[in-house]
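Student: Each chain, written out:
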Amino acid sequence: MKEVIVYGSGCPACHKLKALVDDVVKQNKIAANIEYSSDFVEMAKLGILSVPAIVVDGKVKSSGAFPGRDVILKLLE
Amino acid sequence: MSAKKLCHAVFLRFGNNLFTRYILPHLFLLVIWWTLYSHLRDGSVFLVDSLLHIDLDSRLGSAVEFFLYDTPKVFMLLGLVVYGVGLLRSFITPERTRRFLAGKREFVGNIIAALLGIITPFCSCSAVPLFIGFVSAGVPLGVTFSFLIAAPMVNEIALVLLYGLLGWKLALAYLLTGLCVAIVAGLVIGRSRPEKYVEDWVKNIRFDAASEQKAKSSWHDRILFAYSSVVDIFRRIWLYVLIGIALGAFIHGYVPQGFMAFVMGSDSWWSVPLAVLLGVPLYSNAAGIIPVVEALISKGAAIGTVLAFMMSVIALSFPEMVILRKVLKPRLIGIFLVTVVVGVVMVGYLFNWMI
Chain A
1 MKEVIVYGSG CPACHKLKAL VDDVVKQNKI AANIEYSSDF VEMAKLGILS VPAIVVDGKV
61 KSSGAFPGRD VILKLLE
Chain B
1001 MSAKKLCHAV FLRFGNNLFT RYILPHLFLL VIWWTLYSHL RDGSVFLVDS LLHIDLDSRL
1061 GSAVEFFLYD TPKVFMLLGL VVYGVGLLRS FITPERTRRF LAGKREFVGN IIAALLGIIT
1121 PFCSCSAVPL FIGFVSAGVP LGVTFSFLIA APMVNEIALV LLYGLLGWKL ALAYLLTGLC
1181 VAIVAGLVIG RSRPEKYVED WVKNIRFDAA SEQKAKSSWH DRILFAYSSV VDIFRRIWLY
1241 VLIGIALGAF IHGYVPQGFM AFVMGSDSWW SVPLAVLLGV PLYSNAAGII PVVEALISKG
1301 AAIGTVLAFM MSVIALSFPE MVILRKVLKP RLIGIFLVTV VVGVVMVGYL FNWMI
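Residue numbers (my numbering), protein chains in the order written: chain A, 1 to 77; chain B, 1001 to 1355.
Source of the hints: derived by calculation from the structure; they are not laboratory data. We treat Cβ as the ideally placed atom computed from N, Cα and C, and that holds for glycine. It cannot be assumed that every hint is accurate.
Selected chain A positions facing chain B (Cβ under 10 Å, derived; list incomplete) [unchecked claim]:
(1) M43
(2) K45
(3) I48
(4) A53
(5) S63
(6) G68
Isolated chain A (complex conformation) (with noise of 0.2 Å):
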């Protein structure tokens, strides 16, 4: 089970991206648990500069950009 955190600052665009996260995960059948965060502190600690951002397992994959479909699924693996 892969525990994905999308962080953003509640701008349209980085609920967009959980949401697609949401559908890569779906479509793919990934076994990952997916939730959405905006809490600045644990951003500032993992080193996040700018929204929205993908965090898997722990370690930032995408910040600052929203990927498509292939690059999410890609992060994922």
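Chain B: place on chain A using the hints.
Tutor: Just chain B now, kept in the frame of chain A:
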């Protein structure tokens, strides 16, 4: 997906060294771009005159010709610059900017921060993590603010649209005065003991260098990144640009000369502050506002007033203030607002006085 395919088709069939693989095809595309770009006027005149049979001197003719000329011109300029800046941006990440600014002294730091604000990728929803990240790494508060003010206000899209629609002089004026506002406002904020007005929990965050994101990119990645940023930006702004140009074309052909002089002329002292205050609650990106600005100027609005209006619409936004409230106490947000508003008003007066 499609971006990747196109990239492969264009760039990856030219052998392996840097020159034949990347530089040569870019030069080739640039020549094609330039050839097309320098014949746009001929094309639009030909379309209106020979194909549509509309008299170029009539109202309809001048509006249609304006639209047919400006639309491809703006999109071609945008494509070129967004691509170029995309390549540049793959080198200048927010992380690098932070490393560069950490420990810089005031003044020099403010100048560099404002300059980096032009090209560092930034969207106002990243204002808070960026603010925390900068401050916790030892970037002075005033310097951070210079960056936060310049980043949304002075960007390549605004500059390209200004250049394409209103000429290089106004683009240069916007660039220089925008940078000045960001630098001076940052300096003023830095002098007002802002540390007291940052929320306490932010001060407790310590920067951990080990957590820093380091991305390795190949040329292939960079080109892909630049291409996808063109697609991304076009997808977001094409409609605003089209509406703006259509509005401009309509005004160009139909609204009488001097119409705007009454509202936004340079005679009345209150027009600049009024325009700036009107602009604060209005929120739009550069793509939406500049074609409107062009229309205002062509009908007699004073340059300084319009420039100030535009800066205040782009630089100050209510949503950004709400987000910043999470890390700043109201007083510092107030100082931030007031310094930027005063700076922008001064830019307006300066230009009305000069021109």
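Student: All the hints need checking, so say for each whether the structure fits it.
Tutor: Hints, one by one, checked against the model:
1. M43: holds (5 Å)
2. K45: Constraint on K45(A) satisfied, holds at 7 Å.
3. I48: OK, holds: I48(A) within 10 Å of chain B, min 5 Å.
4. A53: holds (8 Å)
5. S63: holds (6 Å)
6. G68: holds (7 Å)
Of the hints listed earlier, there is not a single one the structure fails to meet.
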